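Protein chains in written order, with this note's numbering: chain A, 1 to 144; chain B, 1 to 128.
No wet-lab data here; the hints were simulated from the structure.
Hints may be right or wrong, so weigh each one.
[Stated by the list, open to error] Computed from the model, here is a short list of chain B residues facing chain A with C-beta under 8 Å:
| no. | residue |
| --- | --- |
| 1 | 54 |
| 2 | 59 |
| 3 | 105 |
| 4 | 128 |
[Stated by the list, open to error] Footprint (simulated), chain A over chain B, 3 or more residues, beta carbon under 8 Å:
| no. | region |
| --- | --- |
| 5 | 70-76 |
| 6 | 92-102 |
[Stated by the list, open to error] No more than 16 Å apart at the CA atoms, straight line, and that leaves these computed lysine to aspartate or glutamate pairs for EDC-like:
| no. | chain 1 | residue 1 | chain 2 | residue 2 |
| --- | --- | --- | --- | --- |
| 7 | B | 74 | A | 132 |
| 8 | B | 8 | B | 97 |
| 9 | A | 6 | B | 20 |
| 10 | A | 122 | A | 132 |
| 11 | A | 43 | B | 16 |
| 12 | B | 74 | A | 100 |
| 13 | A | 6 | B | 109 |
| 14 | A | 6 | B | 34 |
| 15 | A | 122 | A | 108 |
| 16 | B | 81 | A | 82 |
| 17 | A | 122 | A | 30 |
As the structure is a computational prediction, the values presented were derived from the model and not from experiment.
Glycine residues also receive a C-beta, built at the ideal position from the N, C-alpha and C atoms.
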Amino acid sequence: MATAPKIESTFPRVGRILQQDAAAPVIQYEAPLVPEHVAKFSKVIGYSGQSVPPTFYTFFRWGEFEWLRRMGIPLENIVHTEQVYTYHSEIDPGVVLIAETEVSRVRERRTLKMITMATRLKFGDRLIVTSETSFLATIKGAEK
Amino acid sequence: MITGPLTKSIPAFTREQLREYAAISGDDNLIHYDDDAARAVGFDGVIVHGMLSMAAVGNFVDSVFPPAQFQLVKFDSRFRKVVYPGDELSCHAIPLEPAMEGVQTIHVELRNGRGEIVCEGAASARPR
């Protein structure tokens with residue numbers, strides 16, 4: 001049973017939701033790359049460089065959480081197993097990126113579901129970063 | 001050219017840092033800031049976000065491949081073991097044979113005080 005008060009984010013991480021049709025394979029949304037957000041994130045992780053920290057793009061994981069919600073998988077039932085970032089081109093903060101998140105692979109084994117999601121972050125037609133996130137999820141009811 | 005193994009101790013994560021990271025990252029899973037919720041799913045108490053561990057490795061990667069001299073191409077991590085706040089941690093890097101022309105790659109590990117690998121992966125960068 002949880003006893004700590006729920007943590008609330010102090011600011012929104014995503015902008016307008018551009019595509020969230022339940023039948024569409026991709027959730028598309030705005031991902032504002034805000035200098036103040038980069039600075040706050042850097043401070044929390046102890047990053048002292050002047051660039052965008054390599055893992056900053058986790059800031060835009062809203063699409064992954066939305067897919068998990070649609071799949072009926074609570075956050076408490078998942079374990080993050082692998083993360084891959086591919087950096088295609090550099091961009092300075094102060095722009096709005098477009099994020100596209102899809103479920104790229106799902107495998108089931110006994111009581112576990114292995115899920116991989118991919119998020120492409122673009123500025124116009126220019127691909128900036130690709131993020132691949134893999135989870136292990138406990139299948140609801142399978143333990144009974 | 002990166003040569004030889006590199007090692008760096010990093011500060012242990014604090015509970016306050018986990019709360020701050022939950023707020024900034026949006027990963028507000030209770031297992032990262034509520035001991036009872038973490039124990040309910042089998043942990044000894046709150047655990048560090050995998051992505052916060054990866055961020056610490058990312059800081060290390062940034063020191064190996066300074067952005068003024070290198071452009072990061074790829075960075076990946078597999079999360080092997082749970083990290084608790086207060087755990088002693090260190091980052092390790094070993095240069096790998098180049099997989100692509102003009103790109104340098106290192107194998108990176110985050111180890112706990114018992115020498116166990118808690119997360120590992122690779123980072124590749126291209127000299128500017």
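Quick rundown of the hints versus the structure:
no.	hint	in the structure
1	54	holds, 5 Å
2	59	holds, 5 Å
3	105	violated, 13 Å
4	128	violated, 10 Å
5	70-76	holds (count 6)
6	92-102	violated (count 0)
7	B:74 - A:132	holds, 11 Å
8	B:8 - B:97	violated, 22 Å
9	A:6 - B:20	holds, 12 Å
10	A:122 - A:132	holds, 15 Å
11	A:43 - B:16	holds, 13 Å
12	B:74 - A:100	violated, 19 Å
13	A:6 - B:109	violated, 32 Å
14	A:6 - B:34	holds, 9 Å
15	A:122 - A:108	violated, 31 Å
16	B:81 - A:82	holds, 12 Å
17	A:122 - A:30	holds, 10 Å
In this structure, the hints that do not hold are numbers 3, 4, 6, 8, 12, 13, 15, in rising order.
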